[in-house]
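K.L.:
Sequence:
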Amino acid sequence: MKIVRRKSPKDFGRKVKVRHDERGEAAVIIAVMAVMLLAAIPLATYAATTNQLPLTRGNQDLQSALGAAQSGVADYINRLNQTALNQAGNYWKYSATNLPPDGNQAFTSWVKVPGSSDEYFHYSVDTSTTASTGIVTLTSTGLQLHGSASQYRTLKVQLRTNGFLDYLLMTDTMMIDPTLAPNFTSFSSPSAAASDCAYKFSSPNDNASGATELDTDQYQQDRYTTGPEWNECYSLINFYVGGQTFNGPIMTNDMYYFSGDPIFNARVYSGSATQATNPNDSTHPYWIDPLNDYFGYSETTSPKFSHSGDPTYQAPLALPSTNAALKSAAQVGGCTYYGPTSITFSGTTMTVYSPETTSSSTNAGCVGTGALPLPPNGVIYVSQMPSTMSCASNTNITVGGNSYSCRSSEIAVQGTITGQVTVGSDDNVVISGNLEYTNCASSSSSDVLGLIAQNFVQVSSKFGSLNTTSDTCYGHAKNNPVIMAAILTLSHSFMVQNFWSTGGKLGTIYLVGSLAGKYADIEGEFSGSSIVEGYATTYTYDSRLAYLTPPFFLSPVNSAWTTTLSAEIPNPTSLPTIP
Numbered sequence: 001m002k003i004v005r006r007k008s009p010k011d012f013g014r015k016v017k018v019r020h021d022e023r024g025e026a027a028v029i030i031a032v033m034a035v036m037l038l039a040a041i042p043l044a045t046y047a048a049t050t051n052q053l054p055l056t057r058g059n060q061d062l063q064s065a066l067g068a069a070q071s072g073v074a075d076y077i078n079r080l081n082q083t084a085l086n087q088a089g090n091y092w093k094y095s096a097t098n099l100p101p102d103g104n105q106a107f108t109s110w111v112k113v114p115g116s117s118d119e120y121f122h123y124s125v126d127t128s129t130t131a132s133t134g135i136v137t138l139t140s141t142g143l144q145l146h147g148s149a150s151q152y153r154t155l156k157v158q159l160r161t162n163g164f165l166d167y168l169l170m171t172d173t174m175m176i177d178p179t180l181a182p183n184f185t186s187f188s189s190p191s192a193a194a195s196d197c198a199y200k201f202s203s204p205n206d207n208a209s210g211a212t213e214l215d216t217d218q219y220q221q222d223r224y225t226t227g228p229e230w231n232e233c234y235s236l237i238n239f240y241v242g243g244q245t246f247n248g249p250i251m252t253n254d255m256y257y258f259s260g261d262p263i264f265n266a267r268v269y270s271g272s273a274t275q276a277t278n279p280n281d282s283t284h285p286y287w288i289d290p291l292n293d294y295f296g297y298s299e300t301t302s303p304k305f306s307h308s309g310d311p312t313y314q315a316p317l318a319l320p321s322t323n324a325a326l327k328s329a330a331q332v333g334g335c336t337y338y339g340p341t342s343i344t345f346s347g348t349t350m351t352v353y354s355p356e357t358t359s360s361s362t363n364a365g366c367v368g369t370g371a372l373p374l375p376p377n378g379v380i381y382v383s384q385m386p387s388t389m390s391c392a393s394n395t396n397i398t399v400g401g402n403s404y405s406c407r408s409s410e411i412a413v414q415g416t417i418t419g420q421v422t423v424g425s426d427d428n429v430v431i432s433g434n435l436e437y438t439n440c441a442s443s444s445s446s447d448v449l450g451l452i453a454q455n456f457v458q459v460s461s462k463f464g465s466l467n468t469t470s471d472t473c474y475g476h477a478k479n480n481p482v483i484m485a486a487i488l489t490l491s492h493s494f495m496v497q498n499f500w501s502t503g504g505k506l507g508t509i510y511l512v513g514s515l516a517g518k519y520a521d522i523e524g525e526f527s528g529s530s531i532v533e534g535y536a537t538t539y540t541y542d543s544r545l546a547y548l549t550p551p552f553f554l555s556p557v558n559s560a561w562t563t564t565l566s567a568e569i570p571n572p573t574s575l576p577t578i579p
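Taking this note's numbering, I'd label the letters of the sequence shown as residues 1 to 579.
A couple of the hints might just be wrong.
[Said to hold, decoys possible] Taking lysine to any residue pairs in the SDA-like style, the calculated list, with each CA pair at most 20 angstroms apart, reads:
hint, residue 1, residue 2
1, K304, G260
2, K518, A192
3, K304, D261
4, K518, S124
5, K478, S465
6, K156, N81
7, K156, G67
8, K112, Q60
9, K156, E568
10, K156, S124
11, K505, D261
[As the list claims (entries may be wrong)] Distance windows between CB atoms, simulated:
hint, residue 1, residue 2, range
12, A324, P204, 26 to 32 angstroms
13, T283, A131, 41 to 47 angstroms
14, Y353, S574, 50 to 56 angstroms
Since the hints were made in silico from the structure, they are not lab data.
Using N, Cα and C, we set each Cβ at its ideal position, and we do this for glycine too.
Take the sequences, apply the hints, and build the full model.
P.N.:
Rendered as structure tokens:
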């Protein structure tokens, strides 16, 4: 690059002589220039300020329009939640062509943002997949009126009720299922165990006023009027103990029972109706150490929480009482089977063994030899045989390593899945081999599986010999169950069959998904900190379940709607006339 010097170096130190008359003229010139310069500065400043006014006002209007769009989202969520709480129906079914009883004008025109004179919102809903996914897609446009320069901004959000899929573990009652008690405790019958132990911490028990006392309570620990009878039910208390680590959010409708220092790497919530009453528990109202509170122990219990103040109260999630909605979905566009059934998945197909199901008793494509396609709506359901049907042969049928009455509705499942499937049963779902997604639950995958049982979801005690599905995701040995699924048990729990007498430790269960049920899951028996029967566990939350729902997966009764995804999109081309 060539550099041009404006002055010679020698010019910088040289004095320039100015004659007397030249100095006067120079002074006048300088003064005039100064006045002109000072006069120009306000003009320039005014021009610059004036030019900036449209830009500044435009930015303000854009922000106001976004706020109006957000007000539309809040308005719609509020209406969804109000109808849920009042049991007035499913507000998500309403739209511009099917207006709700409240006459909501936001579907068809602009509604003024409360407290504003020039901000409005309008929204539309897409519920084409709500019945199967539980997700409502809302498009909310905000308007800031400003003459011809009015501004619009639009948000697209996905809404879903706070549900079972939001948690790694969700437990209604923090006790082991009392129906299992006679197998490993001194209780003589399930009903005897239930009468003493089937209670939340806050629930009146058989000692309460007006209740029928079914036993003689020898110990003081069994004379409280709420919660389980602590001494009688000690073996059924679901303790979270030192050595356990939870890699996902957890929720219970009950009190937490801790011992030692379990580790929680995500949020912990409780919906207990009452808080701990022992003065020693004043700093942690939603967890207790029963050994200290009721048995006089002085052990150090210090659970480790990733979020200060946990467990935090959250409204309880009520379990549906039946699987009826899922059964109906299978009858309409899925596959319904009768009697004990076994299914092995292979990508987008399945192999079905259901000897009591005929082509005339289910939908087309659901029975036959060889590989069958997954059902169109993704729902598979095994129903108890109705009285109008009779068994083809009056014998028991073996599925999942066990023999069942030909009229029962057990289903055994294993395999690799490409797609979205939910499997349900009037009785139990038995996991007889690995259940994996083709893409191993990668963040980009939409493969998802739901397992919903009226009673139990069980890992077969013969899993090691029945498992014919290789673990292609982690490479675990075939005796270690790999389960990628969202699991829900309505009346009972997730368990390992015969966990009390498996002949020693069987391996480790690796769950990637979520697990919800009436009672706490039970996979084995401990002696001290060692597993002596059943399985160890490594459970990890599948974070995709925050927005990815198995087909027709059941939701809690009357749970609140929340936003799962939100993004700004281009404004719709068709909007109501500006008010």
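K.L.:
Which of the listed hints are not met by the structure?
P.N.:
Violated hints: 4, 11; rest satisfied.
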